[in-house]
Every structure is written in structure tokens, then in C-alpha cells.
Amino acid sequence: MTLPADLGRPTGPFAASAGLPAPSFHRHFDDLEAAALAAYGRALAWLRAVLVPLLGPADLAWPIRVRAVVGGALGLLANHPDLTHLRASEFPRSGAAAPSRHQAVVDQLAAVLRVGRAECAWGAQLPADSERIAIGGVLWMPGHRARRGEGGRLPALAPEVVYLLLVPCLDIADADRVILDQRPSPAASALGR
Amino acid sequence: MSLSSGVPSPPLKGLPSGPSASLAAGFPAASFTRLPIGRNQFPREVLDQHHRNRVLIGAVASLAECGYRDASVERLIVAAGVSRHTFYAHFPDKEACYLAAYDRAVEWLEQEATAALAGADGWADKVGTAVESTLVLLAANPGVARLAAAEILCIGPAGQARRRTLVDRLIPVMCLGPAERPASAVSTPRLELALLSGVFSMVDREVSGGRGERLAELAPDLTEFLLLPYLGPAKARRVARRRPVPGR
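Going down the list, the sequences are from chains H and W.
Going by the numbering used here, the letters in the first sequence line up with residues 1 to 193, in that order.
Going by the numbering used here, the letters in the second sequence line up with residues 1001 to 1248, in that order.
Because the hints were derived from the structure by calculation, they are not lab data.
One should not assume that every hint holds.
[Unchecked claim] On the chain W side, residues computed to face chain H include the following (Cβ under 10 Å):
hint, residue
1, Glu1110
2, Ala1113
3, Ala1150
4, Leu1153
5, Pro1157
6, Gln1160
7, Ala1185
8, Arg1190
9, Leu1195
10, Ser1208
[Unchecked claim] Derived CB-CB ranges, DEER-like:
hint, chain 1, residue 1, chain 2, residue 2, range
11, H, Ala16, W, Leu1117, 45 to 55 Å
12, W, Ser1083, H, Gly19, 29 to 39 Å
13, W, Val1078, H, Val50, 49 to 59 Å
14, W, Val1078, H, Val115, 44 to 54 Å
15, W, Val1078, H, Ala38, 29 to 39 Å
16, H, Ala38, W, Ser1072, 22 to 32 Å
17, H, Asp31, W, Arg1242, 42 to 52 Å
18, H, Leu51, W, Cys1175, 30 to 40 Å
19, H, Ala96, W, Lys1235, 17 to 27 Å
For each residue, glycine too, the CB sits at the ideal point set by N, CA and C.
Throw the hints in and build the complete structure from the sequences for me.
Here it is in C-alpha cells:
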């Protein structure tokens, strides 16, 4: 999905690029911003459906679950560069609703990551927004690398992404051990990854 | 007219005396005042520079009131107090103007951070000083904050490239830290990219959420986050909390 440079333009050419006449487009969306929001929502739903099973059973150690989801997500994004393009390039400029929509996703993921704080001796002392900062950075990285022409190599970012997510709540040596342990998580094994 | 910021905008008593003086005067400190009587005494290039500065400041000022998408050339020239002809003499369109304003704003922030570093001791303290200097300035200048932290991503591919370039320029500074970082499985500069991306995204979040004036209060948290992988939680916290929280 590539939005026109001037988002105020008529939607006809955009609809045509999708193989639709403009009236068909407007039967579904008021404008390009609405279409971008819907595409973003659809992409998120798909990612969630694929990635949540990778979390595995709830009694699995949280660092292992984090590692499994990060590996799965980076692999998916490497195979679907259109998703990274939508998230990093098109969605941010699609309209006024984009920032809050993105931040809602950051909040949801940060809430999941917060489980690590509860198991950490110094969790209560960490900055209140540690998880939000980490998640925000993680979501930004694929776009940064993709624009450098390295979209196909996103899985190589996994160690740093996992480290960033673990290290506020995990001892550095323990975070290293999680990263260096190449064995797939039980959930990933069950899914044939 | 001012930038409605906490940074004082002294009236321009005269024009800058040299090509670097207007820049050295600082971005928001430049003035909207008309040229003094006897304007013909000033060389053409000096007048051009003055007009260009006014357009850039007008661009930032209008951004404090509305987002990039709603910031028209019409609104911008009203804020700048220049004619449409003057605007188009300097910039082909709105996008070029805002990209130039962004470049100037970043240059100003970097100059101020560099000046603040003179009093810092050691890498970790320098990281904290640079973060604090930048956030204090952004908190006091809503238009600059909005342009640098949130709207630049809305300007399209060129704006997004500006952000990536800035992050890439900061990565080597953060890479000076691994001497203090315990041996680890993760590599530089990817870890630094991840850390800086997190900090930028948090600043974007606060500005786009209308909390830009409280950015300075975030300085200790963001500093602690940046230092954590290098110093560990206890030391990172100690270094980040050494200074009083700005704005409190």
C-alpha cells in the first residue's frame, strides 16, 4: 500500500492502483486515511493471529516467550516487506489518528512485557515507561533497516531486539544466555519453526 | 509575535554581521521584527538570509498550532510576516520549507547539546547531559518539538529519511559506551540503534500526545534506559538520577 504524496488528492488514482473504480473505494472507506487505518488494523490482526501461538504455554519462562515471538515476528516481516512499508513509511503520515493508533499498540505490547518486571528484584525501581520505550524502539527498528535495503535480513536483528526487551528486568549475563541458546521454544517447535 | 516558548526571543537590534552569525544566534532566538530603518544599507545576501530565517521560524510557529498536514503555505507566510513571493523565492513548496526548518532545528539542538557537554565528565554523564539539554529545549519550544519529534515522520519519505539519518549520526556517540559495557552476545551498532529508536519513539509519543511541555521530566528515565545495557540497573539509575529532574 503506497499512499500518494499529497493525501488530499482525489482517491481515484489510488483506487485504480488497487484495481477498483473510485465509487467502489468510497463504498468501503471515506478517504485514504480510513483505508490506511483499516489496512493497519488488518495487518495487526494477522500478525497477532500468527504470533500469539508462538508464546507457548503460560508457565514457560517469560524470556523464552519473548525470544520466540521476536524471532517469529522478524521472520514474518522479512517475508512480507509490504507490512514493514505500511507500518514505517505509509501509516505515520496517513493522518491525525495514526500516532494514537500506533501508541495503543505500544501500550498493549508493553503491558505484556511488564510481566518481566514482576519477576525482577529491581522491577519496582525501573522507570515507569521502560517497557514502552523498549517496545517503541523495537517497532521502529524494522522500518529503519528496511529503508537501508536490509529488509530481508531482519531476523539478524533478533539478538539485539531480544536483549533490549529483556535487559531492563534480566541480569545482562542471563539475557546473553537466552540469546545464545539457539534451541527453539516448545511452541515454535510445535509449529515447525 | 513570538514562538510562544520559554526560550527568550530578544528583538533583533541589527542584522547578523556575518554568514555564521544568524545561525549562531540560535534557531528560536531569531526574531520576527522588521528590518531596521535604512534597510537598503544591508547587502542582498544578508536580506535574503533574514527573510529565509523568518520563513523558517514562521513554519515552526505555525506547526505549534496545527500539524504538518494542516499547515498551508498561506498559514505559514502569515505566521512569518512575509509575502507569498518571498516564500517562493526561497522554497519551491511547503515540504522543502519544513525539511529546511527541521535541518535548522536539529542543528540548533546539536549546538546546544554540544555546548552543554563542556561541563560533563565521562561518557555516561555526557549521555545524560545531552538528553537533558535536548529535552529541556524541546519542552520550551513546542513548535520545534512538534517538528523534530512527531511531524517529521508525516512529511513523507524525505522526512522519514531525515529521522533515520539523525539516528545514524547519534549511533557512533552511543557506541563509545561499550568500553563500559560487560561482554555480551549482542553487537554494536545494532544495540545502539535499538536504544536510540526507543528514546525517539518515547519523545514522539509524548509530543504527539500533547505532553511536549513535560518532556524535560523524562530526562532521567530516558537516560537510565540508554545507560542500562552498559552500566547495569543499579549504576545506570545512580548516574541518571544524579541531577535534579528538570522542570520539577
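Going down the list of hints, with the structure as the test:
A distance limit of 10 Å between C-beta atoms decides the matter here; for glutamate 1110/W the minimum to chain H is near 20 Å, and the interface restraint is violated. For alanine 1113/W, the interface hint is violated, the least distance from its beta-carbon to any beta-carbon of chain H being 20 Å, above 10 Å. For alanine 1150/W, the interface hint holds, the least distance from its beta-carbon to any beta-carbon of chain H being 7 Å, beneath 10 Å. Taken as an interface hint, leucine 1153/W checks out: its beta carbon lies about 4 Å from the nearest beta carbon of chain H, inside 10 Å.
Look at proline 1157/W: its Cβ gets to within about 7 Å of chain H, closer than 10 Å, so that hint holds up. Given hint, glutamine 1160/W at the interface with chain H, holds; its Cβ is 6 Å from that chain's nearest Cβ, closer than 10 Å. Annotation: alanine 1185/W was flagged as interfacial toward chain H, and the flag holds, the nearest CB pair being 5 Å apart, inside 10 Å. Hint on arginine 1190/W holds. Least Cβ distance to chain H is approximately 4 Å, under the 10 Å limit.
Look at leucine 1195/W: its Cβ gets to within about 7 Å of chain H, closer than 10 Å, so that hint holds up. A distance limit of 10 Å between C-beta atoms decides the matter here; for serine 1208/W the minimum to chain H is near 4 Å, and the interface restraint holds. Distance hint check: the CB atoms of alanine 16/H and leucine 1117/W are about 53 Å apart, consistent with the given range 45 to 55 Å. Here the CB-CB span from serine 1083/W to glycine 19/H is close to 45 Å, at odds with the stated 29 to 39 Å.
Checked against the hint of 49 to 59 Å, the C-beta distance between valine 1078/W and valine 50/H comes to roughly 50 Å, which is consistent with it. Against the hinted window of 44 to 54 Å, the Cβ-Cβ separation of valine 1078/W and valine 115/H comes to about 52 Å, which satisfies the hint. In this structure the supplied range 29 to 39 Å holds for valine 1078/W paired with alanine 38/H, their Cβ-Cβ distance being about 36 Å. Checking the proposed 22 to 32 Å range against alanine 38/H and serine 1072/W shows it holds: the Cβ atoms sit about 28 Å from each other.
Look at aspartate 31/H against arginine 1242/W: about 50 Å separates their beta carbons, and that is inside 42 to 52 Å. Remark: the range hint 30 to 40 Å for leucine 51/H to cysteine 1175/W is upheld by a beta-carbon distance near 31 Å. At roughly 41 Å, the beta-carbon separation of alanine 96/H and lysine 1235/W lies outside the given 17 to 27 Å, and the hint is violated.
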